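Enquirer: Below, each chain spelled out in residue letters.
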Amino acid sequence: MKIIKIKPLFEIYRDGKRVSAIYEKDKYGNKKNRRVIKTIYDVEGNSINEEISKGSICILRSKYNPNNPPRVETYVHPRPIEELFSTKYNQYPSVYRNKETQGIVSSDCSLPEDEYEHLFTHPSPGDFYRYGAYVLPPNPKVGEIFYIENMIEYTNTSGLREDGTHWEMENWEHHSGASSIYHYSDIEARWNGEDLEFIAFPVFIIG
Amino acid sequence: MYLKEKNLYATNGDFLKKIQCPKSASIDNLQPKNNTSLNCNLCEREVLDTDQLSENELETILRENPDTCLKINLLNPMFNQYEDNKN
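Going down the list, the sequences are from chains G and L. Going by the working numbering, the first residue of the first sequence is number 275, and it counts up by one from there. Going by the working numbering, the first residue of the second sequence is number 7, and it counts up by one from there.
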């Protein structure tokens, strides 16, 4: 038997009560020996363009922080990525308290010290990047299911079960006062010819 | 608090309850009632949303009433989980 730990990646507390969080689950693993999708992060897009020049299909994704709605940008290639605005931040993500309103905010970059008190900065190097890209293995077939070992984006919206039906992971509005975002470290995904559809692992039990 | 084969235990090992719905309710059967609970449209019972409870709150509730219905998010770090390690 092994214990499965859920790691808090990023939490925001207000008046001692947790109001928002991102959690990361331990890796599920490539249990079905799928072909593996490589994940790359870079600042200038050079690594991504190098993969594209080799003929690989690259799918660009962005992370998002808990105070903003999901932002997912997808580019299907081959074509080079130009003017990729990805910044390597010294502090990302960071959480601040507004000194006047006492409101808690998260930010990708440093906020002015006279207005905001810095509470903490997430230390994970992987979170220093706004963007990453999934690189598909050669000759992907439409409908083929792959294993993504290192998932880029945080997800709280919906997913696709293996039988093709959709599930809703969280109701964003319902949790607006105490939201939680759950981050799969790894996941399976189906290639539909234009994009990757995540196949979620079971999340809820009722009883 | 930890889950083992759908049985929920307190951190000290006390059995709290089995997470098993006789009507096989799913998330689609639940409608938000308030910030901490949901209504189940299969049996009209209230289901507690454990995402909105602390571990101490939930343990107290279950020790008083083990038949309380729960919605458990397996990604909630409050619930340590065990699985077979075949390696």
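Think of the hints as simulated: they come from the structure by calculation, not from any bench. Predicted model, so just to flag it, every value in this text is computed and none were measured. Where a beta carbon is used, it is the ideal one built from N, C-alpha and C, also for glycine. Check the hints yourself; a few may be wrong.
Quick list of in silico lysine-lysine cross-link-like pairs, BS3-like style, CA-CA up to 27 angstroms [unchecked claim]: (1) L:Lys12 x G:Lys305; (2) G:Lys301 x L:Lys39; (3) G:Lys306 x L:Lys12; (4) L:Lys29 x G:Lys301.
Taking CB as the label site, the calculated pair distances span [what the hints assert, rightly or not]: (5) L:Met84 x G:Ser384: 50 to 60 angstroms; (6) G:Tyr302 x L:Leu48: 26 to 36 angstroms; (7) G:Arg308 x L:Ser30: 52 to 62 angstroms; (8) L:Lys10 x G:Gly329: 43 to 53 angstroms; (9) G:Val310 x L:Ser30: 32 to 42 angstroms; (10) L:Phe21 x G:Gly303: 39 to 49 angstroms.
On the chain L side, residues computed to face chain G include the following (Cβ under 10 angstroms) [to be verified]: (11) Met7; (12) Tyr15; (13) Phe21; (14) Lys23; (15) Ile25; (16) Gln26; (17) Pro28; (18) Ala31; (19) Ile33; (20) Asn35; (21) Ile67; (22) Leu68; (23) Arg69; (24) Lys77.
Enquirer: Now look at each hint and say whether the structure bears it out.
Expert: Structure-based check of all given hints:
1. L:Lys12 x G:Lys305: holds (22 angstroms)
2. G:Lys301 x L:Lys39: violated (34 angstroms)
3. G:Lys306 x L:Lys12: holds (24 angstroms)
4. L:Lys29 x G:Lys301: violated (31 angstroms)
5. L:Met84 x G:Ser384: 50 to 60 angstroms: violated (33 angstroms)
6. G:Tyr302 x L:Leu48: 26 to 36 angstroms: Cβ of Tyr302 of chain G to Cβ of Leu48 of chain L: about 30 angstroms, so the range 26 to 36 angstroms holds.
7. G:Arg308 x L:Ser30: 52 to 62 angstroms: Cβ of Arg308 of chain G to Cβ of Ser30 of chain L: about 30 angstroms, so the range 52 to 62 angstroms is violated.
8. L:Lys10 x G:Gly329: 43 to 53 angstroms: holds (48 angstroms)
9. G:Val310 x L:Ser30: 32 to 42 angstroms: For Val310 of chain G and Ser30 of chain L the Cβ distance comes to about 35 angstroms; the hint holds.
10. L:Phe21 x G:Gly303: 39 to 49 angstroms: 29 angstroms Cβ-Cβ, so the 39 to 49 angstroms window is violated.
11. Met7: It is violated, given that the least Cβ distance between Met7 of chain L and chain G is near 12 angstroms, above 10 angstroms.
12. Tyr15: violated (12 angstroms)
13. Phe21: violated (14 angstroms)
14. Lys23: holds (8 angstroms)
15. Ile25: holds (4 angstroms)
16. Gln26: Check passed: Cβ of Gln26 of chain L comes within 4 angstroms of chain G, closer than 10 angstroms.
17. Pro28: Since the shortest Cβ distance to chain G is 8 angstroms, the answer is holds.
18. Ala31: Nearest chain G Cβ about 5 angstroms off; hint holds.
19. Ile33: holds (5 angstroms)
20. Asn35: holds (8 angstroms)
21. Ile67: violated (14 angstroms)
22. Leu68: violated (12 angstroms)
23. Arg69: Since chain G brings no Cβ nearer than about 17 angstroms to Arg69 of chain L, farther than 10 angstroms, the hint is violated.
24. Lys77: Constraint on Lys77 of chain L satisfied, holds at 5 angstroms.
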